[in-house]
Structure formats: C-alpha cells, structure tokens
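*Asks:* Sequence:
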Amino acid sequence: MVKLQVLVQLMCLVTFTRVQVTRALICYYCTDDASGDTDPLRPYDANCGDYDYHGDSTYELSLNGYTCETTIWDNGLISRLLFASSSHVEGDCVYQDVGSKYTSCYCEGDLCNTNSYCSQCDYPRPTPTTTEDTPVTTTEPTEPSTELTPITTIEPTGPTTEPSDRVLQCYNCINCSS
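Per the UniProt record's numbering, the sequence shown runs over residues 1 to 178.
Source of the hints: derived by calculation from the structure; they are not laboratory data. We treat Cβ as the ideally placed atom computed from N, Cα and C, and that holds for glycine. One or more of the hints may lead you astray.
Restraint ranges, calculated between C-beta atoms of paired labels, are given here [to be verified]:
| hint | residue 1 | residue 2 | range |
| --- | --- | --- | --- |
| 1 | 89 | 46 | 30 to 38 angstroms |
| 2 | 50 | 93 | 15 to 23 angstroms |
| 3 | 62 | 99 | 28 to 36 angstroms |
| 4 | 115 | 89 | 14 to 22 angstroms |
| 5 | 37 | 64 | 33 to 41 angstroms |
| 6 | 101 | 64 | 30 to 38 angstroms |
| 7 | 98 | 56 | 28 to 36 angstroms |
| 8 | 24 | 87 | 13 to 21 angstroms |
| 9 | 97 | 56 | 30 to 38 angstroms |
| 10 | 41 | 98 | 12 to 20 angstroms |
| 11 | 64 | 34 | 19 to 27 angstroms |
| 12 | 97 | 60 | 25 to 33 angstroms |
| 13 | 23 | 101 | 29 to 37 angstroms |
Full structure from sequences and hints, please.
*Replies:* Below, the structure written as structure tokens:
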C-alpha cells in the first residue's frame, strides 16, 4: 500500500511539473471612431483616444505570448486592443503605409496599452501630441486704404507639446486707423 501511495505521488509530481501555466492577459479594447469607418471591430468609447485612458472596455485572453496594442490611425483616431499573436514583444512598432495607414505599438503587461501614443515608434504622422501646420491665406488692409494684400499665415491644427523652431516676429502698425 505504501508503494502505491509513493507511486501515485510520484506520478502527480511528474504530471504537475510538465503542465505549462498559462496566464491571462487583459488589455483595453476600444476605439474613438464613432463612425466605425476606421475600426469597425472595436467598441466605440469617446474617451478611448485619451492619453491616460482607463475605461471599462477590456478584453482578456488566457494564452501565452500575446500583447496589448495601441493603434494610431492616419486620421488621428485611436484603437486599443489585445493582439492575438505571438509575433510582437514589448516595445515593437508596426508602420502600415498601404491602404489604411497607421502606427501600432505593443506592450506585454495587463492594461499596459494606455499612457502612450507610441512615442517610442517616432510616429511620423500627426498624433494627439503633435500637429502639422496648415497654411491659411487671409487678406488684410496694408494701410488706411482700400487695397488688400494677401498674407499667408501658418496656424496649428491642434495642441502641440513639441517646441517650435520658428522665430516669433512682431509687427507695429504705423498710421493705422484702427
């Protein structure tokens, strides 16, 4: 009887040491694309594009080697998801320039796909932290006359955290009526 108990214990020990433990990964799972045109697969959450997103929409999968993903689309919209493949690791970047253009970055911890706009990827297009300048043409009077001269100004299309390399120029109006 003792030999049988030892044998059963030994079999249990061998069985348990050969079992591979799988950990569940939880990622934020949303898009701020209200139209569903850019990302029809993720549920809409107006706050999904927030840098420090902490919403209720998550996805959990119990398989090893998967990562969380943040995707910044060419139009500035954001998607967060669980990338169900073992082809990426922490810090990886993917640039898609054909068809739907986007940059994706990957991380490996639970709910890690927040507090990042893929800055480690040197994202080449406008993101919520950078802007592209758009020329705007306006006409303003040059002196107290009726002649109008076109003036081209550059106006940012959104907030920026990047310092500008442009020089600030000031102008004084001489003999101005207003």
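*Asks:* It remains to establish, for every hint, whether it holds in the given structure.
*Replies:* Status of each hint after checking the structure:
| no. | hint | in the structure |
| --- | --- | --- |
| 1 | 89 with 46: 30 to 38 angstroms | holds, 31 angstroms |
| 2 | 50 with 93: 15 to 23 angstroms | holds, 21 angstroms |
| 3 | 62 with 99: 28 to 36 angstroms | holds, 32 angstroms |
| 4 | 115 with 89: 14 to 22 angstroms | holds, 19 angstroms |
| 5 | 37 with 64: 33 to 41 angstroms | holds, 34 angstroms |
| 6 | 101 with 64: 30 to 38 angstroms | holds, 31 angstroms |
| 7 | 98 with 56: 28 to 36 angstroms | holds, 34 angstroms |
| 8 | 24 with 87: 13 to 21 angstroms | holds, 19 angstroms |
| 9 | 97 with 56: 30 to 38 angstroms | holds, 33 angstroms |
| 10 | 41 with 98: 12 to 20 angstroms | holds, 19 angstroms |
| 11 | 64 with 34: 19 to 27 angstroms | violated, 35 angstroms |
| 12 | 97 with 60: 25 to 33 angstroms | holds, 32 angstroms |
| 13 | 23 with 101: 29 to 37 angstroms | holds, 34 angstroms |
In this structure, only the earlier hint numbered 11 is contradicted, and the remaining ones agree with it.
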